[in-house]
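When we follow the working numbering, the leftmost residue of the sequence shown carries the number 25, and every step to the right adds one.
Treat the hints with care, as some may be off.
Claimed, not checked - Simulated pairs of lysine-lysine, DSBU-like, Cα-Cα distance not exceeding 35 Å:
1) Lys197 - Lys285
2) Lys215 - Lys121
3) Lys197 - Lys215
4) Lys285 - Lys215
Claimed, not checked - Here are the simulated distance ranges between beta carbons:
5) Pro96 - Glu262: 36 to 42 Å
6) Ala284 - Thr126: 23 to 29 Å
7) Asp88 - Val27: 15 to 21 Å
Note that these hints are calculated values from the structure, not bench results.
No residue lacks a Cβ here, since even glycine has one placed at the ideal position from N, Cα and C.
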Amino acid sequence: MLVLRNDDLVLHVSRRGGALTELLTASGEPLLRGLSGPFDVRRAACFPLVPLGNRIGGNLFHHDGVDYVMRPNTDEPLYLHGDGWLEEWSAQEVDSKELRLTLDHLHPQHGPHHYHAEQRIELDGPALRLSLSLRNEGPVALPFGIGFHPYFPNDGARIGFDARTFWTQGADKTPETRTAIPADFDFSAPKPLPDTPLDNAFEGWDGQARIDWPERNISLRIAADPVFSTLMVYAPEEDRSFFCLEPMSHLPDALRLQGAKGMRVLAPGETLAGGIELRMVASAG
Numbered sequence: 025m026l027v028l029r030n031d032d033l034v035l036h037v038s039r040r041g042g043a044l045t046e047l048l049t050a051s052g053e054p055l056l057r058g059l060s061g062p063f064d065v066r067r068a069a070c071f072p073l074v075p076l077g078n079r080i081g082g083n084l085f086h087h088d089g090v091d092y093v094m095r096p097n098t099d100e101p102l103y104l105h106g107d108g109w110l111e112e113w114s115a116q117e118v119d120s121k122e123l124r125l126t127l128d129h130l131h132p133q134h135g136p137h138h139y140h141a142e143q144r145i146e147l148d149g150p151a152l153r154l155s156l157s158l159r160n161e162g163p164v165a166l167p168f169g170i171g172f173h174p175y176f177p178n179d180g181a182r183i184g185f186d187a188r189t190f191w192t193q194g195a196d197k198t199p200e201t202r203t204a205i206p207a208d209f210d211f212s213a214p215k216p217l218p219d220t221p222l223d224n225a226f227e228g229w230d231g232q233a234r235i236d237w238p239e240r241n242i243s244l245r246i247a248a249d250p251v252f253s254t255l256m257v258y259a260p261e262e263d264r265s266f267f268c269l270e271p272m273s274h275l276p277d278a279l280r281l282q283g284a285k286g287m288r289v290l291a292p293g294e295t296l297a298g299g300i301e302l303r304m305v306a307s308a309g
């Protein structure tokens with residue numbers, strides 16, 4: 025386990041999955057859900073999404089005259105969240121406040137994407153900055169995407185963000201219909217999670233979000249680069265102790281719903297990159 029710390033924050037990072045396993049204030053207050061029990065990346069605090077996020081309906085996509093079949097990479101029937109979260113990353117340039125993780129995915133088993141990924145993780149005062157880049161190392165141009173999958177403690181949280189549209193979810197857990205944002209899921213004014221579970225995409229996100237924990241007198245401000253135009257919100261019915269706000273460069277199942285234009289087509293050697301910042305604010309005010 026790698027540990028970064030400064031006067032405001034303490035961060036634990038694992039090479040497995042390139043995952044963050046804990047983010048705490050200097051006084052020990054959790055800002056991300058901490059890993060409990062044996063390591064399981066799906067129980068971690070945050071992991072990167074490369075070479076795409078979420079699912080591909082039917083495990084199949086068509087690009088430039090070729091049909092590409094994706095193989096399931098977990099116990100779910102659909103290929104999920106790419107490969108980076110399931111692999112061992114290499115640690116580079118490690119110091120007490122910053123590190124760089126790299127991954128060379130050159131022998132794909134579940135899909136056609138060959139790539140080099142880099143994740144830079146930095147503590148700067150009360151802010152955590154995560155930067156992710158992805159370079160196509162394959163022989164042909166393919167659609168790629170990036171994202172982050174952070175888990176936040178619920179603990180009375182109030183959530184606020186703006187987006188333009190909402191996607192309902194189909195039986196296969198992929199987006200089904202674009203609609204206006206339902207009142208229960210309108211977070212334009214910060215509010216607690218509704219009782220209804222969420223596993224839905226908000227499109228046209230402006231890259232800004234806030235999370236307030238009034239009982240703990242702590243807030244987070246989230247700022248994402250423009251490449252992250254979609255925010256996936258996940259709050260399952262079976263566990264209300266956490267929720268996820270997942271910045272993504274594309275809509276889940278974009279390859280089926282929008283074709284290659286829904287993602288970024290990278291020629292061999294081309295790169296897709298973006299970053300997010302989580303900034304602690306002392307008062308939820």
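Evaluation of the provided hints:
1. Lys197 - Lys285: Satisfied, since the Cα-Cα distance of roughly 21 Å is no more than 35 Å.
2. Lys215 - Lys121: 33 Å, holds
3. Lys197 - Lys215: 25 Å, holds
4. Lys285 - Lys215: 34 Å, holds
5. Pro96 - Glu262: 36 to 42 Å: 22 Å, violated
6. Ala284 - Thr126: 23 to 29 Å: Given about 27 Å between the Cβ atoms, the range holds.
7. Asp88 - Val27: 15 to 21 Å: 45 Å, violated
Consistency with the previously given hints fails for numbers 5, 7, ordered from lowest to highest.
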